[in-house]
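Each protein sequence line maps, in turn, to chains A and B. Number 289 in the numbering used here belongs to position 289 of the first sequence; there are no gaps in the numbering. Number 95 in the numbering used here belongs to position 95 of the second sequence; there are no gaps in the numbering.
Derived from the structure by calculation, the hints contain no laboratory data. Fair warning: there could be bad hints in the mix.
In silico contact screen, one side only, chain B against chain A (beta carbon under 10 Å); selected entries [claimed, not checked]:
(1) 19
(2) 232
(3) 283
(4) 300
(5) 306
Below, in silico cross-link-like pairs of lysine to aspartate or glutamate (DMTMM-like), each with a Cα-Cα straight-line distance of 25 Å or less [as the list claims (entries may be wrong)]:
(6) A:441 x B:175
(7) A:441 x B:127
(8) B:150 x A:381
(9) B:246 x A:381
(10) B:246 x A:324
(11) A:441 x B:297
(12) B:304 x A:396
(13) B:150 x A:5
Computed spacing ranges between beta-carbons, pair by pair [said to hold, decoys possible]:
(14) B:184 x A:434: 23 to 31 Å
(15) B:131 x A:1: 35 to 43 Å
(16) B:245 x A:410: 53 to 61 Å
(17) B:192 x A:421: 29 to 37 Å
(18) B:314 x A:365: 53 to 61 Å
(19) B:252 x A:160: 46 to 54 Å
(20) B:184 x A:421: 42 to 50 Å
(21) B:252 x A:53: 35 to 43 Å
Even glycine gets a Cβ: it sits at the ideal position worked out from N, Cα and C.
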Amino acid sequence: MTFSDINFLLIFILIYVPIYVLLPQRAKPFFLLLGSMGFYALNDVWVMPVLLVDILIVFISGILEDHFFDKIDLRKRITQFGIGLQICLMVISILFFKNHIFIGIGFFTIQFIGYYLDVYKNVIYPCKNIVTFSNYVFFFPKVLQGPIVNFKDIETDLKYPEKVTLSKLEKGIRTFILGMSFKVLLADRLYYLWNGVQTVGFQSISTPLAWISMYSYSLQLYFDFQGYSLMAIGVAQMLGFSLPVNFKTPYLSQSISEFYRRWHITLGEWFKNYIYIPMGGSKNGLKKTILSLSAVWVLTGLWHGLTLNFMFWALTLLLFIILEKTLLKKFIGAKHPVFMVLRHIYVLIIIPLTWMMFAIGNTEQMGIFFTRLFNLTSVCEPLNVNVRDYQNYLSDYWPYLAGAVVCCFPFIEEALVKTRIYMTRFISFALFWICVYMIMKNGNNPFMYINF
Amino acid sequence: MNIKKILQRAPLFAVIYVTLFVMFVITQFSRTLQIYFPYFAVQGDTMLAGAQNVSDSIEQSILGPRKDSHTVFMEPDTTGIVLPGDDTQSDPSDVLSVMDEPEPTPIYGEPLEDIIAASQPATYYVESKVDQSYFNDAVFLGDSRTVGLKLYSGWDNCDYLADVGMTIYDCLDRDISFGDIEHTTAREVLSNSRYGKIYIMLGINECGSNINTYFEKYTEVVDQIHRWQPDALIVVQGIMKVGAQKSATHPSINNANITARNEKLATLANDWYIYYLDINEAVCDENGNLTDGYSFDQVHLYAKYYSLWCDYLLEHGFVFNGVRR
Chain A
1 MTFSDINFLL IFILIYVPIY VLLPQRAKPF FLLLGSMGFY ALNDVWVMPV
51 LLVDILIVFI SGILEDHFFD KIDLRKRITQ FGIGLQICLM VISILFFKNH
101 IFIGIGFFTI QFIGYYLDVY KNVIYPCKNI VTFSNYVFFF PKVLQGPIVN
151 FKDIETDLKY PEKVTLSKLE KGIRTFILGM SFKVLLADRL YYLWNGVQTV
201 GFQSISTPLA WISMYSYSLQ LYFDFQGYSL MAIGVAQMLG FSLPVNFKTP
251 YLSQSISEFY RRWHITLGEW FKNYIYIPMG GSKNGLKKTI LSLSAVWVLT
301 GLWHGLTLNF MFWALTLLLF IILEKTLLKK FIGAKHPVFM VLRHIYVLII
351 IPLTWMMFAI GNTEQMGIFF TRLFNLTSVC EPLNVNVRDY QNYLSDYWPY
401 LAGAVVCCFP FIEEALVKTR IYMTRFISFA LFWICVYMIM KNGNNPFMYI
451 NF
Chain B
1 MNIKKILQRA PLFAVIYVTL FVMFVITQFS RTLQIYFPYF AVQGDTMLAG
51 AQNVSDSIEQ SILGPRKDSH TVFMEPDTTG IVLPGDDTQS DPSDVLSVMD
101 EPEPTPIYGE PLEDIIAASQ PATYYVESKV DQSYFNDAVF LGDSRTVGLK
151 LYSGWDNCDY LADVGMTIYD CLDRDISFGD IEHTTAREVL SNSRYGKIYI
201 MLGINECGSN INTYFEKYTE VVDQIHRWQP DALIVVQGIM KVGAQKSATH
251 PSINNANITA RNEKLATLAN DWYIYYLDIN EAVCDENGNL TDGYSFDQVH
301 LYAKYYSLWC DYLLEHGFVF NGVRR
């Protein structure tokens, strides 16, 4: 069950929120934990025991570190053991449970490792309340696919939940509706374009269709993930919590490194804080910078999956980011408006191309797709191509593509979430019912990032 | 109080809460809304079944009671010509036993045989290898797979009445595009033009529905098409199977179900104007599943493999062999 499931909407809005709002402050953490565990169990009940044991291990390690505060050696051992265990668990779950995805394992691992390191470095006090800690792990708006939250950022809220007011509820539901619209009205529609292209087979698509599908996939991935993130933020807001923003209009970036500062921000921040800066970061010369960047990107690739295509994806991005720091430095820094336009074009060509490596798991198929993209008929002979196929797809999908392009700019979000006039209220209300109608009519697709 | 003030005072959450609640309560009681919003209903499936019955009864009130398909598709008189798979020829005792039985109540005033003989030049066809020009007067009726055939067969000399998600239940009245016409229906096209061959493949989207209802509806559609196109040859194509993995995991879209349906469809063939073709011979592996690697989603062929389907149809054309009477 995900946020764009009609059962979730019914149970959450009709039953859960009113009860949560009316409960006394002291009971709220317990009710939150109940809801969160129920939500996770509905998604995947079979890994719950493993997860509960895992939480207990991390929780007890924290307590032990607190108890043996003076014994640095022992604490180091505990931290190393804990982090090793988390990584093992993640690798095992990816390698051996291929058909049965351990939902959210990537996000759990990253948050646990962050917690271990923070405790070890005395950035935070270890959590001594199992309910608070379980709430941190299971917190249902973020449990499936982020945003990744540091324990220190959410601790106070979890211990002493804020009072929910009608205006907060309103803000939450606005954010939620915007996210739901992104997911249901854009990402789920564009899904069928990419799916259609895969069904036809990459060997039989025309070059224009290859480009269209590439951009369509890029938009789909963004609105799917951004839609989820906004829904998560909205759900959390309705309960009085604030979660960090995950995307800041990434497709308007002017360089690859800027793109990844604005795309999946919480993951980028995590890698920056726990890998990049400890390894030397950008302040200790070019060699150290390149080394830390390589570590970050190799790990990012591994985190997304242990297949070759994610490695290609991560290494290509690493290459461009290093180039931007060295050879392309002048191009990135140039102030002339012409360069600004050129940089936008550069980002909007390179990023979608790298998404294709991200999207196509089979390396051979990926190769075929690239030959169609650049029409390299000598490398791979196209078979049975319908030369007018892109016209069919464009005539079917142009409203969604156009809508998605418009929504890449920030003003839609500003209008629907931040402006409180009756007009935008009415639009939000209408969008809500359109989405509900679409979900009922078409069923819903799972979120794309749920596999990580 | 004007609407502006109401909207400004009532927070969005409250409005959505109230409407959602009202909607939920109404749908628990209202039948019509349950059909459009089945998810709200407590017993979604029974409601849908109910909806099907409603549309059936409406249809019956318009078209009159459904005719018994077996009286319409009367076995042809086979004197003189021996056809492959013709049971009546091989075992004369069967004919006798049929004659012993009481005659079925005729629906029409005069014997059906006479009406057919008077109105239609009954013809026989034999299977034979053909070339693409054979499809000059053909039309393909079907779902997304036939849409694929339209896009990737490379045959532009025939017509296609195909739409993604088409089912036997809505195939005649579904809003589809046809050539340059943006909105039309198969009913419109088939009742206003003249075709020599009508190829049908429908059934993958109906796998979840009852097999008998499906077959009855199929019979009805074929019957209807025959009334519009009395001279046309109707080729019922067996439903193309799905990949092994899909077949093993899906509750209804699986090859056992498809085979059961195909067996029923095969009985429609009357060796006269309805013939049955099973293209699975061309696309399936030895286990009877859609060959691994022929499809991305295990349901639709990759564009490059549509040639297998096309070649099979060319191998198994039906060629006019002689007038019956």
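Results for each hint:
no.: 1; hint: 19; in the structure: 8 Å, holds
no.: 2; hint: 232; in the structure: 28 Å, violated
no.: 3; hint: 283; in the structure: 14 Å, violated
no.: 4; hint: 300; in the structure: 5 Å, holds
no.: 5; hint: 306; in the structure: 7 Å, holds
no.: 6; hint: A:441 x B:175; in the structure: 17 Å, holds
no.: 7; hint: A:441 x B:127; in the structure: 43 Å, violated
no.: 8; hint: B:150 x A:381; in the structure: 22 Å, holds
no.: 9; hint: B:246 x A:381; in the structure: 30 Å, violated
no.: 10; hint: B:246 x A:324; in the structure: 46 Å, violated
no.: 11; hint: A:441 x B:297; in the structure: 21 Å, holds
no.: 12; hint: B:304 x A:396; in the structure: 23 Å, holds
no.: 13; hint: B:150 x A:5; in the structure: 35 Å, violated
no.: 14; hint: B:184 x A:434: 23 to 31 Å; in the structure: 28 Å, holds
no.: 15; hint: B:131 x A:1: 35 to 43 Å; in the structure: 55 Å, violated
no.: 16; hint: B:245 x A:410: 53 to 61 Å; in the structure: 43 Å, violated
no.: 17; hint: B:192 x A:421: 29 to 37 Å; in the structure: 53 Å, violated
no.: 18; hint: B:314 x A:365: 53 to 61 Å; in the structure: 30 Å, violated
no.: 19; hint: B:252 x A:160: 46 to 54 Å; in the structure: 51 Å, holds
no.: 20; hint: B:184 x A:421: 42 to 50 Å; in the structure: 45 Å, holds
no.: 21; hint: B:252 x A:53: 35 to 43 Å; in the structure: 38 Å, holds
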